Structure formats: structure tokens, C-alpha cells
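Q: Given only the sequences and the hints, what does the whole structure look like? Please build it.
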Amino acid sequence: MYYLGLLIEYLKNYMKTRLTYRADFWVEVISDLLFQATNFIFILVIFMHTDSLGGWNQNEVVFVYGFFMVPFGVFSCFVNMWGFSERYIVKGEMDRILTRPAHNLFQIFLENVDPPSLFGSIIGLIVMAISGSNLGLPFEWWTLPMLILLTLSAVAIYTGIYTTLTSLSFYSDAPTGILPLMYNIQTYGRYPVTIYNRAIQVLLTWIIPFAFVGIYPAALFLHRDEMRTMALLTPLVGVVFLSIGLMAWSFGVRRYKGAGS
Amino acid sequence: MLGAYFDFIRIRFLTMLAYRVNYYSGILIYTLNIGVNYFTWRAIYGDGESLGGFTGAQMTTYVAVSWMARAFYFNNLDREISTDIRDGSIAIQFIRPYNYVLVKMMQGLGEGLFRFMMLMIPGMVIAILLFPVQLPTEPSAWAGFLVMLFFSFLISSQINIITGLSAFFVENNEGMMRMKRVVVDLFSGLIVPITLFPDWLSSVLKVLPFQAITYLPGSVFTGRVQGVGIWNVLGIQVIWFLILLIPIVWLNHAARQRLFVQGG
Chain X
21 MYYLGLLIEY LKNYMKTRLT YRADFWVEVI SDLLFQATNF IFILVIFMHT DSLGGWNQNE
81 VVFVYGFFMV PFGVFSCFVN MWGFSERYIV KGEMDRILTR PAHNLFQIFL ENVDPPSLFG
141 SIIGLIVMAI SGSNLGLPFE WWTLPMLILL TLSAVAIYTG IYTTLTSLSF YSDAPTGILP
201 LMYNIQTYGR YPVTIYNRAI QVLLTWIIPF AFVGIYPAAL FLHRDEMRTM ALLTPLVGVV
261 FLSIGLMAWS FGVRRYKGAG S
Chain P
14 MLGAYFDFIR IRFLTMLAYR VNYYSGILIY TLNIGVNYFT WRAIYGDGES LGGFTGAQMT
74 TYVAVSWMAR AFYFNNLDRE ISTDIRDGSI AIQFIRPYNY VLVKMMQGLG EGLFRFMMLM
134 IPGMVIAILL FPVQLPTEPS AWAGFLVMLF FSFLISSQIN IITGLSAFFV ENNEGMMRMK
194 RVVVDLFSGL IVPITLFPDW LSSVLKVLPF QAITYLPGSV FTGRVQGVGI WNVLGIQVIW
254 FLILLIPIVW LNHAARQRLF VQGG
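Quick note, the sequences are listed as chains X and P, same order.
Under this note's numbering, the first residue of the first sequence carries the number 21, and numbering increases by one thereafter.
Under this note's numbering, the first residue of the second sequence carries the number 14, and numbering increases by one thereafter.
Certain hints may be false.
Stated by the list, open to error - Here are the simulated SDA-like pairs of lysine to any residue, each with C-alpha atoms no more than 20 Å apart in a straight line:
1. P:Lys-219 <-> X:Phe-62
2. X:Lys-111 <-> P:Asp-97
3. P:Lys-193 <-> X:Ser-137
4. P:Lys-193 <-> X:Leu-199
Derived by calculation from the structure, the hints in this document are not laboratory data.
Source: prediction; values computed, not measured.
A: This is how it looks when you write it as C-alpha cells:
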């Protein structure tokens with residue numbers, strides 16, 4: 021309850037800062053969607069030159085992309101660690117966070133909420149609906165609950181990965197440039213992983229499991245039975261990676277000594 | 014006076030050197046980017062021999078060299094400038110006896126040189142070992158590529174500077190910076206070579222500056238453009254470099270009139 025109250029207060033605050041830069045809100049929504057649009061353009065361009073990508077047709081690949089957008093939007097809204105090291109470690113704001121009663125990681129999430137990202141999730145649902153109906157996918161009784169469960173699991177995976185990477189900045193005194201570099205890689209999990217060579221498949225499945233936020237769970241809705249086991253593993257992977265992230269984080273915080281002025 | 018500007022290159026280079034450990038992960042991740050793109054393209058090619066005038070081998074080389082070029086020309090000048098503007102420190106920089114934009118360019122060059130040596134060269138070596146990259150044999154392709162790579166850096170940095178200076182006019186240009194990054198990656202030909210776009214789009218992109226950043230140097234390196242053609246594509250880059258100077262000079266001038274500090 022206490023945390024929910026905090027969330028609402030922070031969202032109110034967010035609205036106030038946002039109303040100061042009103043035009044910027046829409047610029048941000050548009051720039052987010054543009055980022056997604058480039059990936060769509062990539063898919064469309066690919067399928068201008070080929071009929072199938074590793075045995076998946078255009079509608080299927082677009083559907084996977086639509087699914088991928090849903091958890092990604094939720095994740096970007098609530099978990100935004102961009103520039104953590106610069107803002108909290110180098111400028112010493114971490115000290116301020118640590119002196120407050122609420123959990124430190126939760127506070128950081130709250131201070132960076134980014135509701136415009138949710139537009140991406142909505143577009144993703146629309147994309148899934150359109151490509152799903154093109155494919156004639158049946159709407160089963162489990163579709164909606166599964167969609168919610170898999171979305172939450174995927175958000176947990178993202179949060180786990182990015183929290184782990186961000187907590188590295190407790191160990192390194194220099195701003196780490198890893199996060200921006202990861203940004204491109206996460207989109208690869210939405211292509212049929214079977215087209216990659218074994219090493220990359222293993223990497224995208226077990227080490228930085230971005231395949232679990234795109235292709236595997238989406239395959240369940242596409243009735244691709246060869247990936248059903250992997251799809252059903254998604255919640256487990258989510259729990260595991262979220263735990264790793266939280267552990268890395270709390271070790272990091274314990275190691276934190278404060279820097280700067 | 015000129016010496017002072019060279020010092021900005023040197024200082025930025027040394028600053029980057031202090032943080033070099035970060036770049037080892039950069040090499041890994043850029044290689045991974047190349048790898049994933051390589052396998053995606055291989056799946057697209059299937060049995061096909063050529064797409065949009067690119068053979069499979071040329072596409073591999075193109076992907077590798079484009080990502081590695083990005084490792085060199087990429088910088089965050091836009092963010093640095095807009096931070097200077099937002100926290101007000103630009104006011105101090107404007108009254109110092111140097112040209113602010115030129116200083117930023119020099120710092121970008123310092124970073125670029127560092128990225129060239131620590132990220133691009135080692136990354137390229139790894140990419141050549143891992144993927145069937147075909148290096149050009151003609152010296153003119155190498156020379157042309159290196160000169161064009163320098164212009165890629167100039168044009169990319171110019172676009173960054175324009176985006177950064179726009180913070181004078183829109184107060185918070187976070188969205189613009191993100192949009193710029195996306196547009197540059199897509200329209201420069203990093204993600205998809207420009208010839209593979211639908212005709213209407215590729216004819217639009219041919220009159221925009223972005224192709225000069227990735228697509229044109231990549232075309233020279235993969236041997237799609239040879240001989241006299243190299244002079245032509247280099248000419249396109251030089252023209253864009255000159256054209257982009259105009260908005261920078263104008264923005265820099267207008268900014269001095271408009272400067273209001275939002276705190277700090």
C-alpha cells in the first residue's frame with residue numbers, strides 16, 4: 021500500500037514536470053514509435069526480397085514483433101535505468117536515495133517513470149491483432165491470461181538483465197557504456213533464433229535471454245509447437261534473471277561508498 | 014591559437030584512455046551486432062545469389078564495415094551540448110576566447126581517434142577472423158575508404174551538433190536526440206543498405222545527408238563503387254559537409270541571441 025501511494029505521488033509529480041515541457045511529451049512519443057517503425061521497415065524491406073525468414077513468413081515475424089513491443093513498453097515505462105551511473109553515482113544522488121525509507125531500487129525506478137513508452141505497448145497489441153487475424157489465429161480461452169503472464173515474465177527478464185548491468189556501475193568507477201550497446205542486441209531476440217549459429221542461439225537464450233522476450237513466448241500464440249516448451253519456460257527464466265538482478269544490485273549497493281561532492 | 018584546439022583533441026583522447034576498460038565490452042558487443050546481422054542476412058539470402066546488387070559475400074563485408082565505421086564516427090556531442098545548454102555552463106563557454114562549436118568538434122575528434130584505435134581496429138580484426146569478410150585488394154579502395162570514413166565522422170558530428178544546439182530552441186530536446194539516433198542508423202544504411210529499400214524511399218534517401226555517413230563509404234569498401242566513382246561519392250560527402258556548415262553557423266549565431274539559462 022505504501023509503495024502504491026508512492027507510485028501515485030511520483031506519477032503526479034511526473035505529470036507536473038511534463039506539463040512544463042508539453043510539446044516534448046509528444047516528441048518523445050513520436051520518437052519512441054519511430055524507433056519501432058525503423059524495425060518494422062527492416063522487416064518489410066526483408067520480406068520485399070524473400071518469402072520466409074528461417075521458415076517464418078511475414079505475418080508471423082510481424083506478430084512476433086508486435087508481441088515484443090508489449091513487454092518492452094511496460095518495461096521502459098517503469099524501469100528506466102538510462103544514465104544511472106552519471107546521475108546517481110557520479111553526481112552522488114545515490115546518497116540521497118539511501119537515506120530514505122523506501123527500497124532504493126524502487127525509488128530509482130519511480131524517479132524515472134516514463135509513461136509515454138506505454139504507447140509502444142498499445143501499438144504492439146494492435147500489431148498482434150492485425151497480423152494475428154491475417155494468419156487466422158484462434159483466440160483461445162488461455163490467450164489473454166497467457167499474454168498477461170508472459171508479458172510480466174518478459175518484463176522481469178528485462179528488469180533482471182538491465183539491473184544486473186546497471187549494478188556494474190557500483191564496481192567500476194567510470195561510467196559504463198554497456199547499456200546503450202545492449203540496446204541494439206535486445207531486438208535480435210524477436211527474429212527466429214534458429215537462423216543464428218549455435219553460439220548466438222545459446223547467448224540469446226541462456227546468457228542474455230532476449231529470445232524469451234520475443235520469439236519464444238510469441239511462438240506459443242502462433243501455435244508453433246517446436247517452441248512450446250521454451251515459451252512455457254519464460255516465467256521461470258523471468259524469476260531466475262530477476263533474482264540475479266536483485267542480488268547483483270544489493271551486493272552493489274552494499275559496496276557503494278559514495279563518490280563526488 | 015591552433016595549438017589550443019589540438020589540445021582539446023589530446024585531452025579528450027587521454028580522458029577516454031582512462032576509461033578504456035569499458036571499450037573491451039564494446040568490442041564484444043559490436044562483434045555480436047555484426048554476427049547477428051550476418052546470420053539474419055544469410056537467412057534472407059537463402060539460396061539467392063544477389064539482392065539489390067549485393068552478393069552474399071559483399072553483404073557480409075558491408076555489415077562488418079558499417080558497424081565498425083559506426084564504432085569510429087559515433088559520439089555523444091548532441092548530448093554534451095544540450096547538457097551544457099541546460100545546466101547553463103554554456104554561458105561561460107561562450108565568453109571564453111575560443112569557438113564553442115569548434116571545440117566540440119575537436120573533442121569529438123579526440124574521441125573518434127580513441128574509438129578508431131581501441132574499438133574499430135581490434136573489432137575489425139575479430140570480425141575478419143569470425144566472418145567471411147572480403148577485404149578490398151585495390152589500394153584506391155583502402156585510401157578512398159579511409160578518407161570517406163573521416164568525412165563520415167565530420168558529417169555525423171555535424172548532425173549531432175545541430176541536434177545538440179537545437180536545445181536552445183526547444184528547451185528539452187531529449188526526444189529529438191533519440192529521433193536523430195534512430196534516423197541516422199536507419200537512413201544511413203547501417204541496418205539496411207540503401208539499394209534494398211523500395212525505389213521511392215531510396216530515391217528520397219539519395220538526396221538526404223545520411224547516406225554519406227555509412228552507405229557511401231561502405232560501397233567503396235565492398236568494391237561496389239570503384240575508380241572514378243570513388244571521386245563522385247567523395248564529392249557527395251564534401252558537398253554535404255559544406256551544406257551542413259550553414260545551419261551550424263546560423264544556429265551558433267542565433268543561440269547567442271537566444272541564450273537564457275534555465276537554472277544552474
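Q: Hint by hint, where does the structure go against what was stated? Just the numbers, ascending.
A: none
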